[in-house]
Amino acid sequence: MDIFKEVRENADILKVCNALGINLNRHYKAICPFANHQEKTASFSISPSKNIFCCFGCGKKGNSITLVQELLNISPLESAKYINQVLCLGISMNISMPKSEMNRNQQIQRAKERFRKWHNQTIQILCDYLHNLKETEKLQKQEIIEYYIDLLIFGNEEDWLWFKKTEEGWCREIERTIRRKVT
1 MDIFKEVREN ADILKVCNAL GINLNRHYKA ICPFANHQEK TASFSISPSK NIFCCFGCGK
61 KGNSITLVQE LLNISPLESA KYINQVLCLG ISMNISMPKS EMNRNQQIQR AKERFRKWHN
121 QTIQILCDYL HNLKETEKLQ KQEIIEYYID LLIFGNEEDW LWFKKTEEGW CREIERTIRR
181 KVT
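Note that this note's numbering numbers the sequence shown so that position 5 is 5, with each residue one more than the last.
No lab work stands behind these hints, which were simulated from the structure alone.
Glycine included, each C-beta is placed from N, C-alpha and C at the ideal position.
It is possible that some hints are incorrect.
What the hints assert, rightly or not - Here are the simulated lysine-lysine pairs, PhoX-like style, with alpha carbons at most 20 Å apart:
1. Lys164 - Lys112
2. Lys61 - Lys134
3. Lys50 - Lys61
4. Lys50 - Lys117
5. Lys29 - Lys50
6. Lys60 - Lys40
7. Lys29 - Lys60
8. Lys60 - Lys112
9. Lys50 - Lys60
10. Lys61 - Lys15
11. Lys61 - Lys5
12. Lys181 - Lys134
Said to hold, decoys possible - DEER-style ranges, computed between Cβ atoms:
13. Leu139 - Lys165: 23 to 31 Å
14. Asn103 - Thr166: 30 to 38 Å
15. Asn103 - Glu135: 17 to 25 Å
16. Asn18 - Glu101: 40 to 48 Å
17. Ser49 - Ser100: 34 to 42 Å
18. Thr136 - Glu113: 22 to 30 Å
The task is simple: from the sequences and hints, build the whole structure.
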């Protein structure tokens, strides 16, 4: 059996959440720990029987390994080791990962981090732009800007990739416009 499967099968997601400081209510819900979106009600939910999580606000979902990986920004192997150590699972972690796979995992993590940074910055740019529009401009552009903000906050990764491919140039122009107005 591989270590990932062993960790997934033996790690109680409730205990993983507790170790990460995620305060679940009695319905196994919490405010999203990923901070990709602003919320006032709990959108993060776990299923103890299935040992999985899902955030209905930002769309992140997975198992205990994925949860630790995403929150701590570490590789799947580091995540499995962390869970094994914190929950005292006693799973032998004596494996060696090929250097090429380690490099690939690091590249994936860096790409995810760049995308997360772009995502957050883009939402901020659109909000700033909407806030700084004059009344006549606001009437013309408010609907589309609010639509894009909602898409970035409530959409899924497919929506975000579409936006990045089709509207990134437009957002860069908005960013330049905002900078000119500030200086």
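So, going through the hints one by one against the coordinates:
no.	hint	result
1	Lys164 - Lys112	14 Å, holds
2	Lys61 - Lys134	40 Å, violated
3	Lys50 - Lys61	12 Å, holds
4	Lys50 - Lys117	31 Å, violated
5	Lys29 - Lys50	15 Å, holds
6	Lys60 - Lys40	18 Å, holds
7	Lys29 - Lys60	14 Å, holds
8	Lys60 - Lys112	13 Å, holds
9	Lys50 - Lys60	16 Å, holds
10	Lys61 - Lys15	17 Å, holds
11	Lys61 - Lys5	17 Å, holds
12	Lys181 - Lys134	12 Å, holds
13	Leu139 - Lys165: 23 to 31 Å	28 Å, holds
14	Asn103 - Thr166: 30 to 38 Å	31 Å, holds
15	Asn103 - Glu135: 17 to 25 Å	53 Å, violated
16	Asn18 - Glu101: 40 to 48 Å	31 Å, violated
17	Ser49 - Ser100: 34 to 42 Å	37 Å, holds
18	Thr136 - Glu113: 22 to 30 Å	39 Å, violated
The structure shown violates the earlier hints numbered 2, 4, 15, 16 and 18.
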